[in-house]
Amino acid sequence: MRFRDRLAIRVDTFIQLTLNGLTLGSVYALIALGYSLVYGILKLLNFAHGDVFMVGTFIGFGALRLLGGSSSPVVPVWLLLTLMTLAAMGGCALLGVGIERFAYRPLRDAPRIAPLISALGVSFFIAYSMQLMFGADLKNYDTFSMDNGALYFKGFNIGSVRVDLIRIITIGAAFVMMILLWLLVTRTRLGKAMRATSHDREAAAMMGIDIDKVIVFAFVLGSALAGAAGVLFALRIPTYATIGFLIGLKGFTAAVIGGIGSIPGALAGGLVLGFAESYTQGYVSTRWSDLFVFLILILFLLFRPQGLLGKADIRKV
Amino acid sequence: MGGYDDELTRPLEGALEASTSEGATSPAVGRDEWVARHGDNRARRGGPLGTLEERLRVVPWWAWLTLFVTAASLVPVFSDSGYVRRVAFDIAIYMLLALGLNVVVGWGGLLDLGYVAFYGIGAYAYALLSSDHYGVHLPSLVSIPLVVVIGAIVGFLVGLPSRRLTGDYLAIVTLFFLQLFLTVTTNGDDIFGHNVTGGADGILRLDPLNLFGHNLPVSSGGGIFNVAYLYVVLAAFVVVFVALRFVNLSRTGRAWRSLREDPLAAEVMGMPVNWLKLMSFSFGAAIAALSGTFVSALNASVFPLSFSFPLLITIYTMVILGGAGSQAGVVIGAILIGTLLEVLRDPGNSRVLFYAVIVLGLLAALRLSLRLAVVLGGLFVFGLVVHVVAGSIDHGWVNGSGGSGGQVADFMARWVVVPSAPAGWISPVSYITLVVMALILTLLRGWVRLVVLVPVLYLAAFVWENVMLAHPEPTRYIILGVLLISLMILRPSGLLGEKRVEII
Numbered sequence: 001m002r003f004r005d006r007l008a009i010r011v012d013t014f015i016q017l018t019l020n021g022l023t024l025g026s027v028y029a030l031i032a033l034g035y036s037l038v039y040g041i042l043k044l045l046n047f048a049h050g051d052v053f054m055v056g057t058f059i060g061f062g063a064l065r066l067l068g069g070s071s072s073p074v075v076p077v078w079l080l081l082t083l084m085t086l087a088a089m090g091g092c093a094l095l096g097v098g099i100e101r102f103a104y105r106p107l108r109d110a111p112r113i114a115p116l117i118s119a120l121g122v123s124f125f126i127a128y129s130m131q132l133m134f135g136a137d138l139k140n141y142d143t144f145s146m147d148n149g150a151l152y153f154k155g156f157n158i159g160s161v162r163v164d165l166i167r168i169i170t171i172g173a174a175f176v177m178m179i180l181l182w183l184l185v186t187r188t189r190l191g192k193a194m195r196a197t198s199h200d201r202e203a204a205a206m207m208g209i210d211i212d213k214v215i216v217f218a219f220v221l222g223s224a225l226a227g228a229a230g231v232l233f234a235l236r237i238p239t240y241a242t243i244g245f246l247i248g249l250k251g252f253t254a255a256v257i258g259g260i261g262s263i264p265g266a267l268a269g270g271l272v273l274g275f276a277e278s279y280t281q282g283y284v285s286t287r288w289s290d291l292f293v294f295l296i297l298i299l300f301l302l303f304r305p306q307g308l309l310g311k312a313d314i315r316k317v
Numbered sequence: 001m002g003g004y005d006d007e008l009t010r011p012l013e014g015a016l017e018a019s020t021s022e023g024a025t026s027p028a029v030g031r032d033e034w035v036a037r038h039g040d041n042r043a044r045r046g047g048p049l050g051t052l053e054e055r056l057r058v059v060p061w062w063a064w065l066t067l068f069v070t071a072a073s074l075v076p077v078f079s080d081s082g083y084v085r086r087v088a089f090d091i092a093i094y095m096l097l098a099l100g101l102n103v104v105v106g107w108g109g110l111l112d113l114g115y116v117a118f119y120g121i122g123a124y125a126y127a128l129l130s131s132d133h134y135g136v137h138l139p140s141l142v143s144i145p146l147v148v149v150i151g152a153i154v155g156f157l158v159g160l161p162s163r164r165l166t167g168d169y170l171a172i173v174t175l176f177f178l179q180l181f182l183t184v185t186t187n188g189d190d191i192f193g194h195n196v197t198g199g200a201d202g203i204l205r206l207d208p209l210n211l212f213g214h215n216l217p218v219s220s221g222g223g224i225f226n227v228a229y230l231y232v233v234l235a236a237f238v239v240v241f242v243a244l245r246f247v248n249l250s251r252t253g254r255a256w257r258s259l260r261e262d263p264l265a266a267e268v269m270g271m272p273v274n275w276l277k278l279m280s281f282s283f284g285a286a287i288a289a290l291s292g293t294f295v296s297a298l299n300a301s302v303f304p305l306s307f308s309f310p311l312l313i314t315i316y317t318m319v320i321l322g323g324a325g326s327q328a329g330v331v332i333g334a335i336l337i338g339t340l341l342e343v344l345r346d347p348g349n350s351r352v353l354f355y356a357v358i359v360l361g362l363l364a365a366l367r368l369s370l371r372l373a374v375v376l377g378g379l380f381v382f383g384l385v386v387h388v389v390a391g392s393i394d395h396g397w398v399n400g401s402g403g404s405g406g407q408v409a410d411f412m413a414r415w416v417v418v419p420s421a422p423a424g425w426i427s428p429v430s431y432i433t434l435v436v437m438a439l440i441l442t443l444l445r446g447w448v449r450l451v452v453l454v455p456v457l458y459l460a461a462f463v464w465e466n467v468m469l470a471h472p473e474p475t476r477y478i479i480l481g482v483l484l485i486s487l488m489i490l491r492p493s494g495l496l497g498e499k500r501v502e503i504i
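Line by line, the protein sequences are chains G and D.
Residue numbering for the first sequence follows my numbering, starting at 1 and increasing by one per position.
Residue numbering for the second sequence follows my numbering, starting at 1 and increasing by one per position.
Just so you know, these hints were derived from the structure itself, not from any lab.
We treat Cβ as the ideally placed atom computed from N, Cα and C, and that holds for glycine.
Misleading hints may appear alongside valid ones.
[Stated by the list, open to error] Examples of chain D residues toward chain G, derived with CB under 7 Å:
#	residue
1	Asn187
2	Leu439
3	Pro474
[As the list claims (entries may be wrong)] Chain D residues, not near chain G, derived (Cβ > 10 Å throughout):
#	residue
4	Val77
5	Ile172
6	Gln179
7	Phe309
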């Protein structure tokens, strides 16, 4: 094989892996945002977030079934995808509010370890409730049969690498949602209240900000994003009841790498994680990508615990 | 201001009693006098129960331990069923694991979510040191201490990157470590071409324990569990329990507690906070590794999936239920949860348990009162009415089989609606409705609550009979999850845990 051909294959592989990383990373970023929003305000590591994501994938699956299944939906495909995503976002937002109200709010003034343990319980409860109701088998959206595979066949080429429509949708939707969130947090009164609360909860309360409302809103936003991420993720990869553990772990790692509490940080962290996973899977081994992600996490915790875009935390006594 | 006089006089009484019962007027070295006296200022229960409690409090801990271990070692005498003995062994392992986790969570105040990975490391280390996998066959008296040291070192290393960080980061690092452990063991059959961990198939045909040159066969004739293993674990339990007891009373133990209460203050007082954290981590990891050796020796095999997230939650529930920080508490927690999980395996037993818990729970919450009678009577009538109505609409709705027989099952067949062929939507709809209504119930007060309680309980019985009995595996875990959440909210100190003394 001539050098030029080999180089071309190298470049194609690289583009393909970058594309994989971008798709995966945008989903991780959406999940990381949920962790960041809640952590920024409550300083609580919401272990149940990965399971909210899982519920999102299941709601999307249910909506797909209700609308006629992937091969013969009763609505056009674009509307089908929108409805699935909206259903998942709405359902997850409700779930998030419920979790906050019943599992975290009673523990808001408890020692720090208490809500963490409660969160573990919530995560476990949700995962196995879904397994109880819907079984432990894989739920496949079977996106390929939608519109005779149009989601996979349409798209454009970079060199000889196919960028199929489903990736464009995933990445595009994720970025649109992140921009919307960014605008919401920086441009609206509620966003200002959120930022103030995350800066100093007591002072914000004294300034007349309704802390409960802000916290509930953070859960609504974070959980809705997780729901959307769930549908976007499950479009390409089958889901199951206990998937939330691993995905949640990755999402939180992304949040920590990017700088927990920061919205651009969540995006950066998600992408770093997505790329890291994709490149190690492509160039090293599919089996050991978790190991590399873990090493990256450890390196960040050792040398830059505030993350890529976070601010160093000053402890006040 | 009725309580005013009490508050004034009680400390005095407490001090007097303390001086008469223990014969010492000053608290132990290193204990703040006020905090020491606080223990005697607890509101005491009146009546015979209170007296009993006082009497029991005087019994020293080693007497309890002896009593308990004697009772536990008599299990094989009273029951010759291999099943009961095996369950006793499993519960003894749970007790060891809970003791170890208590060091990290209860004393150190650190959230170690990689705990079962250390358990797994112990099991795998034992497997590699005593099997044909590498042809290494060390005697147990060499391999077990070696495994414990390995566990302690790995625990130390895992704690290392988190030394500067708050609890949340530690939690995520350890959780990731658990995931990594599973990845490595599952894919470890091909590490640069070497088969290290046997992959998903695990490592088989391990040596049995070998003490002083004698092999302890895993089964004593006819494949029945060898009781010697139960005694070995109980012996290890006693050693660990006593050792930890002394550690807790030592300087290190006090330092751990102060670290848990306020790491910043501990640091300001000149305590080597990072070192203490790493130490409690290592202690926990070593104990987990120790438990791992016994289990893998008895099973003669190790598999990656035995050390996953559900087991972690199980041990956490034991520690939290028993009371983090109390050694006796976590042991009781381990026994209770271990027994509960075993009982839930069998539909007949778990049905009895379910209704017993409901009735006893109502009794505990409402006492013997008119309200209790109203709720129980209402529940009874409500069920009968629903059953009759449903049966008259369509007989197929009520003639489903109630599983195994027995009087409880017979009664339930006339009271709970069990369709013979439930539609697919029934289980999610009824379950979600139950969860939502149970949550709403916690927001209601007064008579409304009692009125809503009746249909919720009936719905719970419906879900139990129709959905949960058919799926014991998720049901067990759902119960653990609910237990964890409600314990953290209602009684974070568990059964025997220390109540925090707030010093302002």
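Hints, verified against the model:
1. Asn187: 4 Å, holds
2. Leu439: Since chain G brings a Cβ to about 5 Å from Leu439 (chain D), closer than 7 Å, the hint holds.
3. Pro474: At about 4 Å, which falls below the 7 Å cut-off, the nearest Cβ of chain G leaves the hint on Pro474 (chain D) intact, so it holds.
4. Val77: 37 Å, holds
5. Ile172: 6 Å, violated
6. Gln179: 6 Å, violated
7. Phe309: 6 Å, violated
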